[in-house]
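Colleague: Protein chains in written order, with our numbering: chain A, 1 to 218; chain B, 1001 to 1062; chain C, 2001 to 2243.
Be careful, since some hints might not be right.
As the list claims (entries may be wrong) - Here are the simulated distance ranges between beta carbons:
# : chain 1 : residue 1 : chain 2 : residue 2 : range
1 : A       : Ala200    : C       : Pro2044   : 24 to 34 Å
2 : A       : Leu58     : C       : Trp2124   : 13 to 23 Å
3 : C       : Pro2044   : A       : Gly36     : 44 to 54 Å
4 : C       : Asn2177   : A       : Ala83     : 38 to 48 Å
5 : A       : Gly184    : C       : Ala2143   : 38 to 48 Å
6 : B       : Gln1036   : C       : Val2200   : 39 to 49 Å
7 : A       : Gly184    : C       : Thr2120   : 27 to 37 Å
8 : C       : Leu2078   : A       : Gly41     : 44 to 54 Å
9 : A       : Met1      : C       : Thr2120   : 48 to 58 Å
Stated by the list, open to error - The following residues of chain A were derived to be distant from chain C, with all beta-carbon distances above 10 Å:
#  : residue
10 : Arg10
11 : Gly38
12 : Gly41
13 : Leu58
14 : Ala69
15 : Gly75
16 : Val115
17 : Leu158
18 : Pro165
19 : Leu193
Unchecked claim - These stretches of chain A come out as covered by chain C in the derived footprint (C-beta under 8 Å, 3 or more residues):
#  : region
20 : 144-155
21 : 167-176
22 : 197-211
Hints are computed from structural coordinates only; laboratory data are not their basis. The structure presented is a predicted model; accordingly, all values stated were derived computationally and were not measured. For glycine and all other residues, C-beta sits at the position ideal for the given N, C-alpha and C.
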Amino acid sequence: MIALLIRDLRLAVRAGGGFGLGLAFFLLVAVLVPLGVGPEGRVLAMIAPGILWVGALLACLLSLDRIFALDFEDGSLDLLATAPIPLEGVVAVKALAHWLVTGLPLTLAAPVLAVLLNLPVSGFGWLVLSLAIGTPALSVIGAFGAALTVGLKRGGLLLSLLVLPLYVPTLIFGAEVVRRGTAGLETGTPLALLAAITLASAALLPFAAAAAIRVNLR
Amino acid sequence: MMPDLGKYAVAVLGSYAATAALVAALVVLSLWRSAQVRRALAEVEARQAQTAGAPAMAQGGK
Amino acid sequence: MSSLWEYANPQKFMGLSGRMLPWTAALSSLCLTTGLIWGFFFTPDDFRQGSTVRIIYLHVPAAMMAINAWVMMLVASLVWLIRRHHVSALAAKAAAPVGLIFTLIALVTGALWGQPMWGTWWAWDPRLTSFLILTLFYFGYIALWSAIEDPDTAADLTGVLCIVGSVFAVLSRYAVNFWNQGLHQGASLSLDRQENISDVFWFPLLVCIAGFVLLFVALVLLRTRTEIRARRLSALLARERMG
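For reference, chain A alone in the conformation it holds in the complex (with noise of 0.2 Å):
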């Protein structure tokens, strides 16, 4: 498992894209925000913790179909299908490539991103927490989706539309843990049902993913 999790983590550094687009994203939708919206500080500090969580889960999206799409297309999914270890767990590992290589940067980077964003200081912990906190789920979600999407020529829309109404909840709970910290407010509870989601997520969802490829491999 762990050298599947390297190999993973190798092709999506070497292949290019995958790493850095989703990081590019997320800056982007940082630096075009204020320019739509209008440069006062005041509306963009209230707006922040929203934008940078959408922005977040955008990312995220933009690289899902490639989780499972690549391995399909040259066969070696179904290797793994039938490898002695359990599909469930290659769904685990791929999901958990998948966050290193784009949930994990993106919490790293939203400190900054919250700076042009003008996000008062006192958030900064919360942001980083809640999205350390929050994107597993995204990714496990996420891979659930791109499990349903995979046998599809031309899955990428559909997927975003399967998986963005799935991310509604830790989206909801996400954003709120960074808006009542900010604001000097009590978080323990979505931080609580935050991390709920991405519990019961990676420990229910890959069962549903990896059904979902074998019958995508039938």
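On the provided structure of chain A, position chains B and C as indicated by the hints.
Modeller: Relative to chain A, chains B and C alone:
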């Protein structure tokens, strides 16, 4: 007979009209597709019964 | 010859549904006509809401059936995934557009009702927001059905999506509740329907609800029959091509 809807007439009548339009579209579409598929199926069944006469065709789809 | 086994169950369904369909359709139009005429012409204005209270006869039944349709799809998907009854998968497929239309009716009538009552077409009220999310789930489900060519693969994948989607839809409902209460205090726009609705409005509403339920059943039966015929048609055409 028409009740006095007062200043809310647009909202009330609009709701009824919108619902009627949506439901009518759904019903018409369902009926149309039903008729279309039924016709195509009858055609193919008749054709296959004629040419092949295989026993599997005799069961009918009804 | 697996096809004989495959069609045994659908055949029974076709017989039963063929007999049920005219009755449900007729009863549904009877209930809807009675309920809507009763509600529209023979109920008084509400002292708070004026004549807009008449929208309730469309809004509430449509909203109820929008959720019930999804529940029915969930049950049908589970039956398909566990017992592999083809009719079940096709019934779930047939129900989705009906549920979508009911969701849209609930949203549109809600907006038209909201404009005079709350002064806005749309508010990010928990109830409204969850319905909007439900619409997205319907769109995704229908899109996945139409994207996959092989019918059994499509049935399997949409079934899995329906189950996972149901969990997330319920989750979204609570998340949205939390989100709005957390942000804008007290903007409780929903009405206490059952509590303070008087019998004058309640009885025609019941008839309308019955009408919508029957309309849903009739449409799902009709559409499922169409799907079964379409499956048989494509099977026959495939056999023809095989020679």
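Colleague: Each of the hints needs a verdict: does it hold here or not?
Modeller: Checked hints:
1. Take A/Ala200 and C/Pro2044: their Cβ atoms lie about 50 Å apart, and the range 24 to 34 Å is violated.
2. At roughly 20 Å, the beta carbons of A/Leu58 and C/Trp2124 sit within the given window of 13 to 23 Å.
3. In this structure the supplied range 44 to 54 Å holds for C/Pro2044 paired with A/Gly36, their Cβ-Cβ distance being about 50 Å.
4. Checked against the hint of 38 to 48 Å, the pair C/Asn2177 and A/Ala83 passes, with Cβ atoms roughly 44 Å apart.
5. Distance hint for A/Gly184 and C/Ala2143: a CB-CB separation of about 43 Å, consistent with the stated range 38 to 48 Å.
6. The hinted window of 39 to 49 Å between B/Gln1036 and C/Val2200 holds, with their beta carbons roughly 45 Å apart.
7. A C-beta distance of roughly 31 Å is found between A/Gly184 and C/Thr2120, which places it inside the suggested range of 27 to 37 Å.
8. In this structure the supplied range 44 to 54 Å holds for C/Leu2078 paired with A/Gly41, their Cβ-Cβ distance being about 52 Å.
9. With their beta carbons about 53 Å apart, A/Met1 and C/Thr2120 fall inside the hinted range of 48 to 58 Å.
10. Every Cβ of chain C is farther than 10 Å from the Cβ of A/Arg10; the closest lies at roughly 30 Å, confirming the non-interface assignment.
11. Interface exclusion of A/Gly38 from chain C stands, the closest Cβ pair being 22 Å apart, more than 10 Å.
12. The beta carbon of A/Gly41 is kept farther than 10 Å from every beta carbon of chain C, the shortest such distance being approximately 21 Å.
13. Distance to chain C confirms A/Leu58 as a non-interface residue, since its nearest Cβ pair spans about 15 Å, more than 10 Å.
14. Remark: the non-interface label on A/Ala69 is consistent with the geometry, its nearest Cβ contact in chain C lying 15 Å away (cut-off 10 Å).
15. Residue placement check: A/Gly75 keeps its beta carbon more than 10 Å from all beta carbons of chain C (closest about 18 Å).
16. The Cβ of A/Val115 sits about 24 Å from the closest Cβ of chain C, beyond the 10 Å cut-off, so the non-interface label holds.
17. Not every CB of chain C is more than 10 Å from the CB of A/Leu158 (nearest about 5 Å), against its label as outside the interface.
18. Under the 10 Å C-beta cut-off, the non-interface status given to A/Pro165 relative to chain C is violated; the minimum distance is some 4 Å.
19. Its beta-carbon lying about 8 Å from the closest one in chain C, A/Leu193 breaks the requirement of being farther than 10 Å from that chain.
20. Closer than 8 Å: that is the beta-carbon criterion, and the region 144-155 of chain A has 6 residues meeting it against chain C, so the requirement of 3 holds.
21. Note: the region 167-176 of chain A has 5 residues with beta-carbon separation from chain C under 8 Å; the three-residue rule is met and the coverage holds.
22. With 4 residues bearing a CB less than 8 Å from a CB of chain C, the region 197-211 of chain A meets the requirement of three and the coverage assertion stands.
Checked against the numbered hints above, the structure breaks hints 1, 17, 18, 19 and satisfies the rest.
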